[in-house]
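Taken in order, these protein sequences are the chains called W and A. As numbered in our numbering, the first sequence has no gaps in its residue numbers, which increase by one up to the final residue, 167. As numbered in our numbering, the second sequence has no gaps in its residue numbers, which increase by one up to the final residue, 213.
Think of the hints as simulated: they come from the structure by calculation, not from any bench. Errors might be hidden in some of the hints.
As the list claims (entries may be wrong) - Label-pair ranges, simulated between beta-carbon atoms:
#1 Asn-167(W) to Glu-151(A): 28 to 38 Å
#2 Ile-165(W) to Gly-144(A): 36 to 46 Å
#3 Ser-82(A) to Ala-89(W): 46 to 56 Å
#4 Pro-155(W) to Phe-18(A): 48 to 58 Å
#5 Ala-38(W) to Ala-199(A): 29 to 39 Å
#6 Asn-62(A) to Ile-165(W): 53 to 63 Å
#7 Ile-158(W) to Gln-168(A): 21 to 31 Å
#8 Ala-89(W) to Gln-76(A): 35 to 45 Å
#9 Gly-75(A) to Asn-167(W): 55 to 65 Å
Just so you know, even glycine gets a beta-carbon here, dropped at the ideal spot from N, CA and C.
One-letter residues, chain by chain:
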Amino acid sequence: MTARTRTLLAIVAALIGLIGYAQFPLSDSPNRSIVRGAAVEYLFPEQVTVPAGKPSPVALHFRIAPGFHINSHKPKEEFLIPTAFSIPADSGVTLKNATYPDGADFTLPLDPGTKLSVYTGEFTIETRLMAERGNHLVQASLRYQACDKNACMPPKTIAVPIDVIGN
Amino acid sequence: MKRNTLVLGITLLLLAIFAWAGWANWEYRKQAAEKRLATASKAELIPDDSGNAPVYVSPLMNKPAPSFTLENLNGQRVSLASYRGKAVLLNFWATWCGPCKLETPWLVELRNQYASQGFEVLGISTEGDDLAANDKAGWTKDKGAIAAFVEQNHVPYPVLINGDSLSQPYGGLDEMPTSFFVDRNGNVVAAVLGLTSKADIESNIKKALGAGK
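Only chain W is shown next, with the shape it has when bound in the complex (with noise of 0.2 Å):
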């Protein structure tokens, strides 16, 4: 191998070099952050079909983000907002029902004296619900307030989009 290749060819080791080098994200970029949005999804049925005019059972499935709680449905301070699944008025669908999962026991670290209720993981709302003979994209709703086990986030409430289908 001549001078002159060696030279050409870490000419170009180099060039592909500073190409890879570029493409690598920035460790400083503010995209290191952790962002927190909703710590529950909803995840299932995206659709159902009920008979129309008779109340029908549909189990809804929620998951909760890793290290996260939600209080259950019936959280054992009055001061703790409780889970809450709703369908608006005038929607075609009527929630004639739900039931909701019993809570877990949960302490913060910190006060090993105090058991909430609470959701973690995955959790699923039975409910039975009624709806008029048609198609109906259901806006409902899921109001919770969550926490890790230092901090908690403001109440929120995500959708929960169901078509329902009355036949």
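Since the structure of chain W is provided, determine the placement of chain A on it from the hints.
Just chain A now, kept in the frame of chain W:
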């Protein structure tokens, strides 16, 4: 030989163009990131490399605490400026916040302990986060909940309402409790998101008083 040289030259030229474009793109993103960081008014949670809880980084650190005037539970207007010369703990809290309830007795004790040295706590409720400004019934109910909490905990320091209006200047206030320790000159010397130990709070109070450095 001439053909080889030509091919090599074109290859080098293309690589040089790619390298220049990549470098220019990297520089652009770097400058944009620095600009965003410099102007950011939102606090950040920075992951700890050792795997511990994220570190709260407030853009207000070592800067003057943004001025404000809020109403207390009696409807009187209270401004931060009137506490100039004192060390002040701005404690953002809410009645729905369990960790806030837990730390309040500590704040009461520490406030009583250090008040004679020129220390005060301002409890700032963020109760009405999802209340409309014209929801009088909602605000009345919230005020009642705050007042009950204040009475129950024998809170001796001023408790102000509508802390949500300070969300932007105070870096988002996405989680409660959030505390800012302000020194006698009005500068933020410590910021804490979430529940911390009483010892940590006391250490930051001393820092704000100028006795804990």
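Verification of the hints:
Between Asn-167(W) and Glu-151(A) the beta carbons are some 56 Å apart, a value that contradicts the proposed interval 28 to 38 Å. The given range of 36 to 46 Å is respected by Ile-165(W) and Gly-144(A), whose C-beta atoms sit roughly 44 Å from each other. Distance hint for Ser-82(A) and Ala-89(W): a CB-CB separation of about 48 Å, consistent with the stated range 46 to 56 Å. For Pro-155(W) and Phe-18(A), the hinted distance range of 48 to 58 Å is satisfied, since their beta carbons lie about 51 Å from each other.
As the Cβ distance of Ala-38(W) to Ala-199(A) is approximately 34 Å, the hint placing it in 29 to 39 Å holds. The hint said 53 to 63 Å for the Cβ distance between Asn-62(A) and Ile-165(W), and at roughly 59 Å that hint holds. Between Ile-158(W) and Gln-168(A) the C-beta distance comes to about 23 Å, which sits within the given range of 21 to 31 Å. A C-beta distance of roughly 41 Å is found between Ala-89(W) and Gln-76(A), which places it inside the suggested range of 35 to 45 Å.
In this structure, Gly-75(A) and Asn-167(W) meet the distance hint of 55 to 65 Å, their C-beta atoms being roughly 57 Å apart.
Of the numbered hints given earlier, the model fails hint 1 alone.
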